[in-house]
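> Sequence:
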Amino acid sequence: MQEPLLGAEGPDYDTFPEKSPSPGERTRVGAPQNKRVFLATFAAVLGNFSFGYALVYTSPVIPALEHSLDPDLSLTKTQASWFGSVFTLGAAAGGLSAMVLNDLLGRKLSIMFSAVPSAAGYALMAGAHGFWMLLLGRTLTGFAGGLTAACIPVYVSEIATPSVRGALGATPQLMAVFGSLSLYALGLLLPWRWLAVAGEGPVLIMILLLSFMPNSPRFLLSRGRDTEALRALAWLRGADTDVRWEFQQIQDNIRRQSTHMSWAEARNPHMYRPILIALLMRFLQQLMGITPILVYLQPIFESTAVLLPPKDDAAIVGAVRLFSVLIAALTMDLAGRKVLLFISATIMFAANLTLGLYVHLGPKPLTPNSTMSTMGLQSVPLGDTEQPLATPSSYLTLLPLVATMLFIMERLRPPRAFLLLRCHLLGQPGVHWLLGA
Numbered sequence: 001m002q003e004p005l006l007g008a009e010g011p012d013y014d015t016f017p018e019k020s021p022s023p024g025e026r027t028r029v030g031a032p033q034n035k036r037v038f039l040a041t042f043a044a045v046l047g048n049f050s051f052g053y054a055l056v057y058t059s060p061v062i063p064a065l066e067h068s069l070d071p072d073l074s075l076t077k078t079q080a081s082w083f084g085s086v087f088t089l090g091a092a093a094g095g096l097s098a099m100v101l102n103d104l105l106g107r108k109l110s111i112m113f114s115a116v117p118s119a120a121g122y123a124l125m126a127g128a129h130g131f132w133m134l135l136l137g138r139t140l141t142g143f144a145g146g147l148t149a150a151c152i153p154v155y156v157s158e159i160a161t162p163s164v165r166g167a168l169g170a171t172p173q174l175m176a177v178f179g180s181l182s183l184y185a186l187g188l189l190l191p192w193r194w195l196a197v198a199g200e201g202p203v204l205i206m207i208l209l210l211s212f213m214p215n216s217p218r219f220l221l222s223r224g225r226d227t228e229a230l231r232a233l234a235w236l237r238g239a240d241t242d243v244r245w246e247f248q249q250i251q252d253n254i255r256r257q258s259t260h261m262s263w264a265e266a267r268n269p270h271m272y273r274p275i276l277i278a279l280l281m282r283f284l285q286q287l288m289g290i291t292p293i294l295v296y297l298q299p300i301f302e303s304t305a306v307l308l309p310p311k312d313d314a315a316i317v318g319a320v321r322l323f324s325v326l327i328a329a330l331t332m333d334l335a336g337r338k339v340l341l342f343i344s345a346t347i348m349f350a351a352n353l354t355l356g357l358y359v360h361l362g363p364k365p366l367t368p369n370s371t372m373s374t375m376g377l378q379s380v381p382l383g384d385t386e387q388p389l390a391t392p393s394s395y396l397t398l399l400p401l402v403a404t405m406l407f408i409m410e411r412l413r414p415p416r417a418f419l420l421l422r423c424h425l426l427g428q429p430g431v432h433w434l435l436g437a
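Counting from 1, one number per residue, gives the positions in the sequence shown under full-length UniProt numbering.
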């Protein structure tokens with residue numbers, strides 16, 4: 001792959017200062033520039049955009065295929081559940097592969113490698129003429145999503161300067177949510193095959209831009225490629241920036257982390273307690289219900305009597321998720337992580353409770369066999385009076401939309417488990433209450 005290298009006329013970095021320069025000295029030789037860091041970050045997080053896009057691809061596609069006239073593509077309930085949930089199996093495999101590829105190929109090449117299964121998966125779904133092609137395409141896009149989700153945050157954190165590292169750390173999640181919103185919006189305009197074709201665009205742009213971006217200087221140093229690491233760091237920080245002090249800091253950090261942790265150190269409460277807390281939080285987060293909501297968002301709205309069309313509801317939820325991520329990114333340092341987690345968990349509980357109550361007690365959607373009119377704004381005679389089926393004053397029908405919009409955080413259990421519990425064990429209200437617990 002092409003690496004951005006300094007020209008031959010650039011400064012000679014064969015010698016290093018005997019001591020770290022003072023802040024005043026570093027200012028005189030030039031402050032680090034972040035423009036190229038922003039460009040490299042944008043190129044990388046296009047992978048997160050593709051991940052968010054692929055995750056919710058089934059939301060508008062499953063209803064279309066369930067009513068398909070093609071017998072090879074018409075989905076049963078069981079096939080629809082597999083089509084939605086197999087993405088998580090591919091993502092799990094991709095995440096595990098990242099543990100090896102991150103250090104074997106490097107962060108940048110691992111992200112670029114994810115474009116291969118992603119592009120192949122979209123191509124299979126766009127040209128599908130059988131259920132197996134849909135499953136394979138969905139699995140491949142899931143593998144690519146899991147790989148990028150594990151590699152991109154590492155790459156971004158290692159190329160960013162400390163002054164912008166926190167802000168750039170929020171961009172992977174922001175782009176993933178924006179990708180989901182884009183899918184919901186395009187679902188209003190495009191048929192399901194063209195949605196898969198549109199998914200190829202961000203993948204191709206990502207691999208094109210990353211071809212001109214540097215690898216992580218930290219990764220290059222860890223592989224003993226000091227000259228390449230220095231050139232990559234100089235390109236990222238700008239030609240007028242003295243990067244020797246930062247280069248030495250990275251080298252020292254790698255040396256300190258090269259020693260393995262002993263069992264005695266691992267048993268230290270100061271070491272294992274933060275790890276256990278982080279794992280427990282992540283585990284509980286994965287049980288809160290948002291992945292099946294996102295994957296089956298449009299079918300869920302079709303099972304209710306909401307005023308707006310299900311496609312519009314899905315797009316609104318996507319916009320609210322994007323807004324929530326922006327709010328979290330802007331208030332994280334001001335309010336604190338713990339406070340935001342408490343607020344998020346409280347809203348999630350209220351949303352699950354509300355959605356479960358609505359499904360259990362609220363109005364049911366009309367069916368073609370209903371004796372009532374299928375036109376939601378028409379009136380049905382009941383004795384000597386007329387009652388509207390659904391009018392803007394029927395605020396109860398807005399509850400599932402409002403409740404679902406409150407599901408604004410991360411991902412959770414495999415969606416197939418959601419359908420299993422919903423259809424055979426607890427019913428849809430019971431599933432929402434279980435997730436809220």
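Source of the hints: derived by calculation from the structure; they are not laboratory data.
Do not rely on the hints blindly, as some may be mistaken.
[Stated by the list, open to error] Label pairs and their computed distance ranges (CB to CB):
{"id": "1", "residue 1": "L340", "residue 2": "Q248", "range": "34 to 40 Å"}
{"id": "2", "residue 1": "I277", "residue 2": "D70", "range": "17 to 23 Å"}
{"id": "3", "residue 1": "L326", "residue 2": "E158", "range": "23 to 29 Å"}
{"id": "4", "residue 1": "Q257", "residue 2": "I277", "range": "20 to 26 Å"}
{"id": "5", "residue 1": "V100", "residue 2": "S68", "range": "37 to 43 Å"}
{"id": "6", "residue 1": "A167", "residue 2": "R255", "range": "41 to 47 Å"}
{"id": "7", "residue 1": "P191", "residue 2": "L96", "range": "52 to 58 Å"}
Every residue, glycine too, gets a C-beta built ideally from N, C-alpha and C.
> Next step is simple, just say for each hint if it's right about the structure.
Going down the list of hints, with the structure as the test:
1. L340 x Q248: 34 to 40 Å: Between L340 and Q248, where Cβ atoms are some 36 Å apart, the hint holds.
2. I277 x D70: 17 to 23 Å: 50 Å, violated
3. L326 x E158: 23 to 29 Å: Taking Cβ atoms as reference, L326 and E158 lie about 25 Å apart, which means the hint holds.
4. Q257 x I277: 20 to 26 Å: 22 Å, holds
5. V100 x S68: 37 to 43 Å: 39 Å, holds
6. A167 x R255: 41 to 47 Å: 29 Å, violated
7. P191 x L96: 52 to 58 Å: 34 Å, violated
Comparing the model with each earlier hint shows violations of hints 2, 6, 7; every other hint is respected.
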